[in-house]
Amino acid sequence: MSSDTEPILWTDDLTKHYTTEGGFIDNLLGRKQTVQAVNDISLELYPGETLGVVGESGCGKTTLGRALLRLIEPTDGSVYYRQQSDDSPSPSPSPSPGGSREEIELTGLSSSRLRDLRTDLQYIFQDPFSSLNPRLTVGDIIGEPLDIHGIADGEDRLDRIHELLDTVGLNPSHAHRYPHEFSGGQRQRIGIARALAVDPEVIICDEPVSALDVSVQAQILNLLEDLQEEFDLAYIFIAHDLSVVEHISDRIAVMYLGEFAEVGTTEEIFSEPHHPYTEALLSAIPEPDPLWEGDQIFLEGQVPSPIDPPSGCQFHTRCPRVIPPAEYDLEQPEWRSLLTFKLQVREAEEVTQLVTLTESDKDIREDQSRLSRERLDGLVRDEFGLPPELSDHAAESVLSDAISDLHERGTHACEATLEDTYVSPCETNDPVYVEHSPTHDIACLLHGDNYSQAAPEANQFGEEYDGTVVQE
Amino acid sequence: MSTERGRIQISGFDTEDIDDQDPLATASELESKEVESRWQKIVSNIVRDRLALGGFVVVAVMGLAALLSQSISVGGVTIQPLSIVPYDPTETAVGARYAAPSLSHPMGTDRLGRDLFSRVVTGGRYSISIGLVVTALAATFGVIYGSISGYFGGRVDEVLMRILDIVFAFPGLVLALILVALFGGGFWPLVGAFALVGWATYARIIRGEILKVKQNEYVLAAKALGARDRTVIFRHVIPNAIAPVIVQATLSIGTVVIGVAALGFLGLGFDPGTPEWGTILDAESDTLATGAGGDWYWWATVFPGLMIFVFVMSMNIIGDAVNDALDAQVDDIGGGG
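Chains as they are written, first to last, in the UniProt record's numbering: chain R, 1 to 472; chain S, 1 to 337.
In short, the hints are calculated from the structure, not lab data.
Beta carbons: idealized from backbone N, C-alpha and C, even for Gly.
You may find that some hints are simply not true.
Here are some chain S residues the structure puts well away from chain R; computed CB gaps all over 12 angstroms [claimed, not checked]:
no.	residue
1	56
2	85
3	94
4	102
5	164
6	188
7	244
8	251
9	265
Here are a few chain R residues that face chain S, going by a calculated C-beta distance under 7 angstroms [as the list claims (entries may be wrong)]:
no.	residue
10	70
11	71
12	72
13	109
14	130
15	133
16	289
So that you can see chain R by itself, here it is in the shape it has in the complex (with noise of 0.2 angstroms):
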């Protein structure tokens, strides 16, 4: 549905960044540490359209869907909303150019401008059980922004109440109950009707049906889309699950770690070219069929902490096809072992905390002097998949020296050994936007133009899906 209008809602670097408040005498010592919840995001909402945002918990969704209504202030860039304006006929924004609407700057609007403003842009929230005021009765709260707004009182109030009760699909005779006598999903609409109380023109859904049975998440999936057509709204549909936002997005956008990895219309993101991040988020979507043998890539480790996130590519510690060094004829897992090796034993301070001891080592764990130089290159080789010998000799020797000085010296020894040979391009360069597309982007090293040679294996496998982590 993405026209060829201008966007309505869009955003430019917006960043948000926590301090975590430490004790007086932290603040005193300048013992702050920043939590980048949301860096540079910018994207942009047309009028109708439903943009769906997708990512792992913990990635900033819900910190950006709140930084863009300012209901938590950015730190950096700007949101802009084109509002509809007063001499404008009629309430359904007609896609004329230009013209009838005016573009606001939404950060760094007074309080009570904003204020007007929440009647055009709303907001639904996830938990239907902590997002409706157990004291007031469902017509009060879907009454209070007619209240706050002045928009209708005594029986048009009420007339409104029982209208927008009904059109999300709840018995307007209801409007005197309390929220504890509802269902999850009843509960929700209700959230649904307090945001449309407001006639608004965008609404940020935060993961509306996440903490829904699968059977009401379709309900209210399905009351969303009727609604959007009844009411031409845009959305912005924040959520974790691809498959719930394959059903109501128009585009998405993949987040990562506070930032798009990916941005395209449906279609353009359920096939190829992938990010790899999004390769691996399309396999984990499951299939009923029980003879379907597809490969589920798993991705490794953690999700990287946002208080210090990594280096070039924010992806590139779990990367499955993660850029090898020119320098090295690797093949993709080896490099892909090689690096996670290199980035555990820069977090490790010992070296059991690298490898696992079995029962019969128990002699080694409380005296690591006893551990031989075999048994060491054994254990961390089968510990992170590495092959006796790899493929590439330069590589191999680094590695067996590495090893070596992790026998003799200590981790920090072996993490100095490896720290300058093993660097992959993705870890230094920032990636940048590739337009695959008028509407699809995609920021990963492998679609740009210097490095799309560099691991033609890479893109191959990406037809096949072998040669990642498979499942057995």
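Got chain R; can you put chain S on it based on the hints?
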């Protein structure tokens, strides 16, 4: 075996079946039980709890008797004409000096021949009204103070809570004593003295609750709708955080009554002749152990002391019942679903 997705289509996720379902046919449709509001809950809990009901009856009788003990007139207009006590509580020599309890003087008379029954019943006016007024004032101020502190947080919270720490650092009764000594006794100075130290507890209680309540998404939802901070605090935050304050207020009425009596017993507070429970005790304190000339006029101190004891204990029992009623709050929030 195939690696291709989508060979099996799941129906029911985006078909018309969903539309055909009656979205309202869910469990709670059938349950039409009326909601029990907070006050209904407290009342029903007190009625069910016999002990609490007893306490409530005692407090009600004492309060009513104190109210009706003598006529009340404000600015020359009589607003309460009844006067149920047999004698004027301040009139001396209505009976013999230290007359023992009898039919005409159910609680005996004191050293000046005043009727103790009349004095004790009327004395409830001072103690109970101070208890109520102090609690109302302290709770109101404390709730607003604590709400601002908890809701806005950050530096505001830091400053307000340090001020609170200072208030807490003063020993309450000693501070009240100093204030009464400085400004003299009487009703309003006493109210002021107790309210000045009493509000801090409420502020701290509600602040803690608000820190919890403001995490709820409905607070953010109200902000997203454009509600002002004032509306958010009074409409969404305080109603959901007030329960422990109600409990604390009920319990503290008794504490204030004891405090007033203690000041009275120390000779501060009201004028010596005032029929306030603590002041009566102070005036008759020499009869506590042995009376003059080997006689023990026990009634002079036992009855006022008993009134304090019975009133405070009844208030505490009611407070416990209120606590029980509001503790079950979890049943009513977040239940169902």
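Evaluation of the provided hints:
1. The claim that residue 56 (chain S) lies off the interface holds: its Cβ sits roughly 25 angstroms from the closest Cβ of chain R, which is beyond the 12 angstroms cut-off.
2. Once the 12 angstroms rule is applied to beta carbons, residue 85 (chain S) is consistent with being away from chain R; the minimum gap is 44 angstroms.
3. With a least beta-carbon separation of about 54 angstroms from chain R, residue 94 (chain S) lies farther than 12 angstroms from that chain, consistent with its non-interface assignment.
4. With 12 angstroms as the threshold on Cβ separation, the claim that residue 102 (chain S) sits away from chain R holds: the shortest Cβ distance comes to roughly 56 angstroms.
5. With a least CB separation of 17 angstroms from chain R, residue 164 (chain S) remains clear of the 12 angstroms interface cut-off, as annotated.
6. The beta carbon of residue 188 (chain S) is kept farther than 12 angstroms from every beta carbon of chain R, the shortest such distance being approximately 35 angstroms.
7. Taking the minimum C-beta to C-beta distance to chain R, about 15 angstroms, the non-interface status of residue 244 (chain S) holds against the 12 angstroms cut.
8. At the 12 angstroms boundary, the C-beta of residue 251 (chain S) stays outside the reach of chain R, the nearest C-beta of that chain being 23 angstroms off.
9. The beta carbon of residue 265 (chain S) sits about 43 angstroms from the closest Cβ of chain R, which is more than 12 angstroms, so the claim that it is off the interface holds.
10. A least Cβ separation of about 10 angstroms between residue 70 (chain R) and chain S goes past the 7 angstroms threshold, and the interface hint is therefore violated.
11. Look at residue 71 (chain R): its Cβ gets to within about 6 angstroms of chain S, closer than 7 angstroms, so that hint holds up.
12. The closest approach between the C-beta of residue 72 (chain R) and any C-beta of chain S is roughly 9 angstroms, which is over the 7 angstroms cut-off, so the hint fails.
13. Of the supplied interface hints, the one on residue 109 (chain R) is violated, with its beta-carbon coming no nearer than about 12 angstroms to a beta-carbon of chain S, more than 7 angstroms.
14. Because the beta carbon of residue 130 (chain R) sits about 5 angstroms from the nearest beta carbon in chain S, less than 7 angstroms, this interface hint is met.
15. A cut of 7 angstroms between beta carbons decides the hint on residue 133 (chain R): the least distance to chain S is about 4 angstroms, and the hint holds.
16. For residue 289 (chain R), the interface hint holds, since its Cβ comes within 7 angstroms of a Cβ in chain S; the closest pair sits about 4 angstroms apart.
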